[in-house]
Amino acid sequence: MEISLTVNGVLKTVAVTDVNTPLLWIVRDTLGLKGTKFGCGKAACGACTLHVDGEAVRSCSFPVKFAEGKEVTTIEGLGNRDNPHPVQQAWIAEIVPQCGYCQPGFMMATAALLNKVPNPTDEDIDKNIINVCRCGTYYRMRKAIHKAADLQLNRESNESKEL
Amino acid sequence: MKLQPIYIFLAISVVGLLFAWANTPKISTYEIVAKESQNSNDDYDKMMDVLTHPRCMNCHPSDHIPKQGDDSHPHYFGMARGEDDHGFEATNCNTCHQSENNLNSGVPGAPHWALAPASMAWEGLTRAEIAERLLDKSTNGNRSHKELVEHMTEDDLVLWAWEPGIHANGEQRTLPPVSKEDFKKAVENWFANGAVIPSK
Amino acid sequence: MADKENGSKKVSRRKFLVRGGLGTIGVVAIGAYIFRNPIRRELLGFANSVEAPFTDNTDRPMVWFEVTANNEILLHSPKMEMGQGTFTGIAQMAADELSVSMSQIKVVHAASSTGNVDSFATGGSTSISGLWKPLRELAAMLRVMLIKEAALKMDIGSDELLVKDGVISGNGKMLTYAQAAEGVENWEVPDVPALKDKKDYKYIGQPVPRVDLDAKVYGDPIFGMDAEMSDMLYGAVVRPTKIGSTFVSADTSAAENMPGVVKIIVEEDFVGVVASSMLEAEKAKDAIVVTWDSYNSLDTSTIKKMMTVGNGNSTTIQKNGEAFREDDDFESLEFRSPIGAHAQIEPNGVVASVEGDSAIIKISTQVVSITRKEVAKRLNLDTEKVNIVPTYLGGGFGRRLHTPHAVQAAVMSKAVGKPVKYFFSRKEEFQHDMFRPPTHHVIKGKLNSEGYLDTLEHEFVSGDVATDSALIPNALTNVLGADVGAIRGGFIQYTAIPNFKTVYWHVVLPFATSWWRSLGLLANTFVMESFIDEMAIKASKNAVDFRLQQIGEEPIDIRLKNVIKAAAKKANYHEEVVNGRAMGFAASIDANTPCAQVAEVSIVANEIKVHKVTVALDPGLAVNPDQIRAQCEGCVIMGMSAVLYEQMFVEDGELIPTIYGPYQMALMKNAPKVIDVVLLQGKDTPGAVGEPPLGPIGAAIANAVRRLTGERLTELPLKISRASKL
Numbered sequence: 001m002e003i004s005l006t007v008n009g010v011l012k013t014v015a016v017t018d019v020n021t022p023l024l025w026i027v028r029d030t031l032g033l034k035g036t037k038f039g040c041g042k043a044a045c046g047a048c049t050l051h052v053d054g055e056a057v058r059s060c061s062f063p064v065k066f067a068e069g070k071e072v073t074t075i076e077g078l079g080n081r082d083n084p085h086p087v088q089q090a091w092i093a094e095i096v097p098q099c100g101y102c103q104p105g106f107m108m109a110t111a112a113l114l115n116k117v118p119n120p121t122d123e124d125i126d127k128n129i130i131n132v133c134r135c136g137t138y139y140r141m142r143k144a145i146h147k148a149a150d151l152q153l154n155r156e157s158n159e160s161k162e163l
Numbered sequence: 001m002k003l004q005p006i007y008i009f010l011a012i013s014v015v016g017l018l019f020a021w022a023n024t025p026k027i028s029t030y031e032i033v034a035k036e037s038q039n040s041n042d043d044y045d046k047m048m049d050v051l052t053h054p055r056c057m058n059c060h061p062s063d064h065i066p067k068q069g070d071d072s073h074p075h076y077f078g079m080a081r082g083e084d085d086h087g088f089e090a091t092n093c094n095t096c097h098q099s100e101n102n103l104n105s106g107v108p109g110a111p112h113w114a115l116a117p118a119s120m121a122w123e124g125l126t127r128a129e130i131a132e133r134l135l136d137k138s139t140n141g142n143r144s145h146k147e148l149v150e151h152m153t154e155d156d157l158v159l160w161a162w163e164p165g166i167h168a169n170g171e172q173r174t175l176p177p178v179s180k181e182d183f184k185k186a187v188e189n190w191f192a193n194g195a196v197i198p199s200k
Numbered sequence: 001m002a003d004k005e006n007g008s009k010k011v012s013r014r015k016f017l018v019r020g021g022l023g024t025i026g027v028v029a030i031g032a033y034i035f036r037n038p039i040r041r042e043l044l045g046f047a048n049s050v051e052a053p054f055t056d057n058t059d060r061p062m063v064w065f066e067v068t069a070n071n072e073i074l075l076h077s078p079k080m081e082m083g084q085g086t087f088t089g090i091a092q093m094a095a096d097e098l099s100v101s102m103s104q105i106k107v108v109h110a111a112s113s114t115g116n117v118d119s120f121a122t123g124g125s126t127s128i129s130g131l132w133k134p135l136r137e138l139a140a141m142l143r144v145m146l147i148k149e150a151a152l153k154m155d156i157g158s159d160e161l162l163v164k165d166g167v168i169s170g171n172g173k174m175l176t177y178a179q180a181a182e183g184v185e186n187w188e189v190p191d192v193p194a195l196k197d198k199k200d201y202k203y204i205g206q207p208v209p210r211v212d213l214d215a216k217v218y219g220d221p222i223f224g225m226d227a228e229m230s231d232m233l234y235g236a237v238v239r240p241t242k243i244g245s246t247f248v249s250a251d252t253s254a255a256e257n258m259p260g261v262v263k264i265i266v267e268e269d270f271v272g273v274v275a276s277s278m279l280e281a282e283k284a285k286d287a288i289v290v291t292w293d294s295y296n297s298l299d300t301s302t303i304k305k306m307m308t309v310g311n312g313n314s315t316t317i318q319k320n321g322e323a324f325r326e327d328d329d330f331e332s333l334e335f336r337s338p339i340g341a342h343a344q345i346e347p348n349g350v351v352a353s354v355e356g357d358s359a360i361i362k363i364s365t366q367v368v369s370i371t372r373k374e375v376a377k378r379l380n381l382d383t384e385k386v387n388i389v390p391t392y393l394g395g396g397f398g399r400r401l402h403t404p405h406a407v408q409a410a411v412m413s414k415a416v417g418k419p420v421k422y423f424f425s426r427k428e429e430f431q432h433d434m435f436r437p438p439t440h441h442v443i444k445g446k447l448n449s450e451g452y453l454d455t456l457e458h459e460f461v462s463g464d465v466a467t468d469s470a471l472i473p474n475a476l477t478n479v480l481g482a483d484v485g486a487i488r489g490g491f492i493q494y495t496a497i498p499n500f501k502t503v504y505w506h507v508v509l510p511f512a513t514s515w516w517r518s519l520g521l522l523a524n525t526f527v528m529e530s531f532i533d534e535m536a537i538k539a540s541k542n543a544v545d546f547r548l549q550q551i552g553e554e555p556i557d558i559r560l561k562n563v564i565k566a567a568a569k570k571a572n573y574h575e576e577v578v579n580g581r582a583m584g585f586a587a588s589i590d591a592n593t594p595c596a597q598v599a600e601v602s603i604v605a606n607e608i609k610v611h612k613v614t615v616a617l618d619p620g621l622a623v624n625p626d627q628i629r630a631q632c633e634g635c636v637i638m639g640m641s642a643v644l645y646e647q648m649f650v651e652d653g654e655l656i657p658t659i660y661g662p663y664q665m666a667l668m669k670n671a672p673k674v675i676d677v678v679l680l681q682g683k684d685t686p687g688a689v690g691e692p693p694l695g696p697i698g699a700a701i702a703n704a705v706r707r708l709t710g711e712r713l714t715e716l717p718l719k720i721s722r723a724s725k726l
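Sequence order for the protein chains is A, B and L. Going by this note's numbering, 98 is the number at position 98 of the first sequence; the sequence numbering is gapless. Going by this note's numbering, 1 is the number at position 1 of the second sequence; the sequence numbering is gapless. Going by this note's numbering, 496 is the number at position 496 of the third sequence; the sequence numbering is gapless.
Extracted from the complex, chain A is given alone in its bound form:
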């Protein structure tokens, strides 16, 4: 069976034998985008977090059939070296990653948070950012999330000035 979905702005049609295959494996193995990580397969750690129509989704627990016709964004599509997302800029400025494995999931969760709550308080962060990091980068992440909010708000205000 074929499923059509937009991944990082590009329309993709993938053939699947099982429509319940987790979106994670379609993204990683069929489309070759390895930035979205497998951590637990049980929607517990958040390493596989990506966006479906702008909402944070744990893709290990999201059947590909539900992505039909939807916009999927992965860490590769969030931003890149030429055009980084404010979250990525902040992550670099605060030198957040250690081993780095959980970080794409955290950055995707953070980007989703900033879409909903542009200037999150510590409490907003505590409630919404509930992925698991084993290296213990939470301390820098919190700083980076606040910084990303500032960067994004500045970027938006600059854009509105230009208009």
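Simulated from the structure, these hints should not be mistaken for laboratory data. No experiment lies behind these values; they were computed from the predicted model shown. Don't take every hint at face value.
Cross-link-like lysine to any residue pairs, in silico, SDA-like; alpha carbons within 20 angstroms at most [to be verified]: (1) L/673 to B/77; (2) L/609 to A/123; (3) L/427 to B/172; (4) L/198 to L/625; (5) L/719 to B/77; (6) L/669 to B/111; (7) B/67 to L/662; (8) L/673 to A/94; (9) L/669 to B/81; (10) L/669 to A/117; (11) L/669 to B/75; (12) L/199 to L/102; (13) L/669 to A/94; (14) A/65 to B/49; (15) A/70 to A/10; (16) L/669 to A/123; (17) L/609 to B/77; (18) A/147 to L/669; (19) L/669 to B/78; (20) A/116 to B/141; (21) A/70 to B/111; (22) L/673 to B/78; (23) L/153 to L/71; (24) L/609 to A/126; (25) L/612 to A/81.
Counterexamples of contact, computed for chain A against chain L with all Cβ distances above 12 angstroms [what the hints assert, rightly or not]: (26) 55; (27) 65; (28) 68.
Computed beta-carbon distance windows for the label pairs [what the hints assert, rightly or not]: (29) A/18 to L/304: 53 to 63 angstroms; (30) B/181 to L/213: 51 to 61 angstroms; (31) B/147 to A/18: 36 to 46 angstroms; (32) L/545 to B/171: 53 to 63 angstroms; (33) L/545 to A/143: 31 to 41 angstroms; (34) A/119 to L/554: 48 to 58 angstroms; (35) L/512 to B/181: 45 to 55 angstroms; (36) L/248 to B/189: 50 to 60 angstroms; (37) B/70 to A/65: 27 to 37 angstroms; (38) L/304 to B/70: 20 to 30 angstroms.
From the three backbone atoms N, C-alpha and C, an ideal C-beta is built for every residue, glycine too.
Chains B and L: place on chain A using the hints.
Just chains B and L now, kept in the frame of chain A:
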């Protein structure tokens, strides 16, 4: 002198019937009172056996925190009701729960997965208190009896309780102690018979 | 000590070769660095007070550096990058001695067939300290060699040439390193030149950003889980859920005809299935019915009973003065720590390709050489024909010091004649972890008339850490009489106490326990520093002064006192409860690095809440202060996760839980909002960083709780009792 067991039984029955009669003044004959009363309680009990089962009660918390498992432990990772019963702004029910159970991850799902509204917090209440809340339009989402019957016998999220899927460890979630069909009948009967809440 | 013995003369010129053009237009400099065997060290000293050296493969020369055509330096790291920042530190060290900019250095993991791979492991907080001298010497040698070739090409004396950012210039002429190297076939290998003076370092000592920062922020496929090979199949291995199960037989009939299944492999010690996709392999695995010879039912209480001081064999690992006499009047406390899981987020995984007489293994591992030997042995291949290609590690923490899955994947690959990728499910990760062993401790102390300790005795029992591991030969454990891992942190640092003694008890558990970041340090320091705090309270003394008075006068003691003073000062340590918050103090020495911490704690909704942690660490010379801070922050958070939340249970012979959540770990909301790090430099070479800050955190939190509630918590994870709940 020894009292025959049969007399003891009769005495208790008579007291019981009088008691039931006293509490159901609209019912005029002895026979009907006994039958209706028994059935009514039976329907009520079946319904309540389901409503108080973790498959239902876990999403009717009194502390705004969804519960999980047969031990009804707080949902892991600090998930809570949030502003609209769907969790927090960016990390909400649908971050993990979709419209059907996921057999790969063991994450349960059903259409409009969410916590029951705070007004329908049943956790820690007695059966009678739950029933009162259920019937009270100010705490039941402004539902009429007819709408309540529909909700309780047709809503996908309510009926999920009988198709709860598997845990993360692959084991089946336990079902409510009453079958889905019996529950539906019990709900229909109880409302048809006036939705009477038996006194304790 | 190490520095005296590994001077420049130790570089063997016979082993130092140079040859051109390995895949690049530039040059490949190849060398091996002969280093001292760690086993020859004073044995217990190696285990406890000295940073272990770098130990390379000395059997043949291999690549350290490549100079590429676009004038970049490829540094083939013998140490794995698992988050600890080693790649960045060694890039800084190499850049300074090579006189190139940071952006010109690219660090890659050395593969075993082309690079110089550590024959021991990446672990023990030894990477930067071990490579400090040899790597800079090799970089300096390469610089001299390149200058020499440039001098010949430009016809200028070497002495007249200057190097900056990989460009050699003099007399108005210039050549890049790549140009200098181009076409050179016969290199002259110099003696080790003098290393640069510290004031001439441009990068060493600076908080330069991690070299892998971009790759990790943009989601590059750098991890073992991301590795692929063309025409690859997926494998899965059936694993028992009960502790101590041994394989009896397997009924594979149902799985054989399932979709996608290519082959089912029944070996003496495992049953594997290879299929065309991971999900198909997993489904087929679930359909294989294996009969296991299982252990009788065990539970957590059985394990606790086994882990009780007095059980097993004992060794006195430290003794000074007299021990307690039976009629002595002393204070005594018992402590316990639970089974801990690594819970690293990247599951163990591997891609193996066995073709003919050779094998390629892509894997995140901390033990390249051991993995190589194990694969070669099982498949009866020449070790030289097995190429281990390491990837970035999605967390190490000691978990990847065991890699039998590489062997299993190789066996499966050989059976199907194609590459096979295989990784653990999360349940397998939790049930087949090599756990941090549970411990039990009895500690006794007696104060003298001045209110300081007269006698201190600590007896503890632990499961295996180093014993029975691939890394440390059991012969060594037998010589020592103690498990070098379990006794980490077990040495009493208050050596001014007249009488003290430490006794280690060894109990063999029915499941595997092993290296967990900082090893015995986490539990041993929790116990010792909790007890010291309790004795300070009994003596009505300030906990910091109480500690300072009982530390000796050796150099390491001075460094310990300095971190204690620095932490107390920075945190403004006091012993009053202010606005519902109290402070707790603790200090430790691990691998020659002293660390002191102050935790600021309150009780919120009946749970322990850590608001702020101040860390003072003396790692010696700080190659990258920012990454040392990051390690301190990470150790504080991983440590508080372990001491406040984490524990594995045994129920009906099964290790549980098997998923995050039920295995509770620190989340964002639990992490302290402030982690203040003070770095001291008590010696002029780099020391251990990645584990020592895990020592004090448990006791620092417990001591704060003691000041808040009056309750002395003696069991990890720390939970306040109902009586103390506010």
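Each hint tested on the structure:
1. Using a Cα cut-off of 20 angstroms, the hinted pair residue 673 of chain L and residue 77 of chain B holds, with the two alpha carbons roughly 18 angstroms apart.
2. Among the hinted pairs, residue 609 of chain L with residue 123 of chain A is consistent with the structure: their alpha-carbon atoms are about 15 angstroms apart, no more than 20 angstroms.
3. Restraint check: the Cα-Cα separation between residue 427 of chain L and residue 172 of chain B comes to about 17 angstroms, which is no more than 20 angstroms; the hinted pair holds.
4. Only pairs whose Cα atoms come within 20 angstroms are accepted, and residue 198 of chain L paired with residue 625 of chain L is accepted, the gap being roughly 15 angstroms.
5. The straight-line distance between the Cα atoms of residue 719 of chain L and residue 77 of chain B is roughly 18 angstroms, inside the 20 angstroms bound, and the hint therefore holds.
6. For the hint linking residue 669 of chain L to residue 111 of chain B, the alpha-carbon distance of about 30 angstroms lies beyond 20 angstroms, and the restraint is violated.
7. For the proposed pair residue 67 of chain B and residue 662 of chain L, the alpha carbon gap of about 13 angstroms is at most 20 angstroms, so the pair holds.
8. Only pairs whose Cα atoms come within 20 angstroms are accepted, and residue 673 of chain L paired with residue 94 of chain A is accepted, the gap being roughly 15 angstroms.
9. Between the alpha carbons of residue 669 of chain L and residue 81 of chain B the distance comes to roughly 17 angstroms, so the proposed pair stays at or under 20 angstroms and holds.
10. At most 20 angstroms may separate the alpha-carbon atoms for a hinted pair to count; residue 669 of chain L and residue 117 of chain A meet this at roughly 17 angstroms.
11. For the proposed pair residue 669 of chain L and residue 75 of chain B, the alpha carbon gap of about 15 angstroms is at most 20 angstroms, so the pair holds.
12. Between the alpha carbons of residue 199 of chain L and residue 102 of chain L the distance comes to roughly 18 angstroms, so the proposed pair stays at or under 20 angstroms and holds.
13. For a cut-off of 20 angstroms, the pair hint linking residue 669 of chain L to residue 94 of chain A stands: about 19 angstroms separates their Cα positions.
14. Between residue 65 of chain A and residue 49 of chain B, the direct Cα distance comes to roughly 36 angstroms. Violation of the 20 angstroms bound is thereby established for this hinted pair.
15. With a CA separation close to 11 angstroms, the supplied pair residue 70 of chain A and residue 10 of chain A stays within the 20 angstroms bound.
16. This hinted pair checks out: residue 669 of chain L and residue 123 of chain A have alpha carbons roughly 8 angstroms apart, not beyond 20 angstroms.
17. About 16 angstroms separates the Cα atoms of residue 609 of chain L and residue 77 of chain B, which keeps this hinted pair within 20 angstroms; it holds.
18. Taking the CA atoms of residue 147 of chain A and residue 669 of chain L, the gap is near 18 angstroms; set against the 20 angstroms cutoff, the hint holds.
19. Our distance criterion of 20 angstroms between C-alpha atoms is met by residue 669 of chain L and residue 78 of chain B, whose separation comes to about 9 angstroms.
20. Under the criterion of a C-alpha separation no larger than 20 angstroms, the hint pairing residue 116 of chain A with residue 141 of chain B is inconsistent with the structure, at around 27 angstroms.
21. For the proposed pair residue 70 of chain A and residue 111 of chain B, the alpha carbon gap of about 18 angstroms is at most 20 angstroms, so the pair holds.
22. Under the criterion of a C-alpha separation no larger than 20 angstroms, the hint pairing residue 673 of chain L with residue 78 of chain B is consistent with the structure, at around 18 angstroms.
23. Restraint check: the Cα-Cα separation between residue 153 of chain L and residue 71 of chain L comes to about 17 angstroms, which is no more than 20 angstroms; the hinted pair holds.
24. The suggested pairing of residue 609 of chain L with residue 126 of chain A holds, with an alpha-carbon distance near 14 angstroms, which does not exceed 20 angstroms.
25. Using a Cα cut-off of 20 angstroms, the hinted pair residue 612 of chain L and residue 81 of chain A is violated, with the two alpha carbons roughly 35 angstroms apart.
26. Interface exclusion of residue 55 of chain A from chain L stands, the closest Cβ pair being 19 angstroms apart, more than 12 angstroms.
27. Once the 12 angstroms rule is applied to beta carbons, residue 65 of chain A is consistent with being away from chain L; the minimum gap is 14 angstroms.
28. With a closest Cβ-Cβ approach of about 19 angstroms to chain L, residue 68 of chain A is found to remain outside the 12 angstroms limit, as its non-interface label requires.
29. The hinted range of 53 to 63 angstroms is not satisfied by residue 18 of chain A and residue 304 of chain L, whose Cβ atoms lie roughly 45 angstroms apart.
30. Residue 181 of chain B and residue 213 of chain L have their C-beta atoms about 60 angstroms apart, which keeps the hinted 51 to 61 angstroms range intact.
31. Roughly 39 angstroms separates the CB atoms of residue 147 of chain B and residue 18 of chain A, a value that falls within the hinted 36 to 46 angstroms.
32. The given range of 53 to 63 angstroms is respected by residue 545 of chain L and residue 171 of chain B, whose C-beta atoms sit roughly 56 angstroms from each other.
33. In this structure, residue 545 of chain L and residue 143 of chain A meet the distance hint of 31 to 41 angstroms, their C-beta atoms being roughly 35 angstroms apart.
34. One distance hint, 48 to 58 angstroms for the beta-carbon pair residue 119 of chain A and residue 554 of chain L, holds here, with the actual separation near 53 angstroms.
35. Between residue 512 of chain L and residue 181 of chain B the beta carbons are some 50 angstroms apart, a value that agrees with the proposed interval 45 to 55 angstroms.
36. Separation of residue 248 of chain L from residue 189 of chain B is about 55 angstroms and conforms to the stated range, judged on CB atoms against 50 to 60 angstroms.
37. For the pair residue 70 of chain B and residue 65 of chain A, the beta carbons lie near 30 angstroms from each other, so the given range of 27 to 37 angstroms is met.
38. Checked against the given bound of 20 to 30 angstroms, the beta carbons of residue 304 of chain L and residue 70 of chain B, roughly 26 angstroms apart, stay inside it.
Of the hints listed earlier, those the structure fails to meet are numbers 6, 14, 20, 25 and 29, in rising order.
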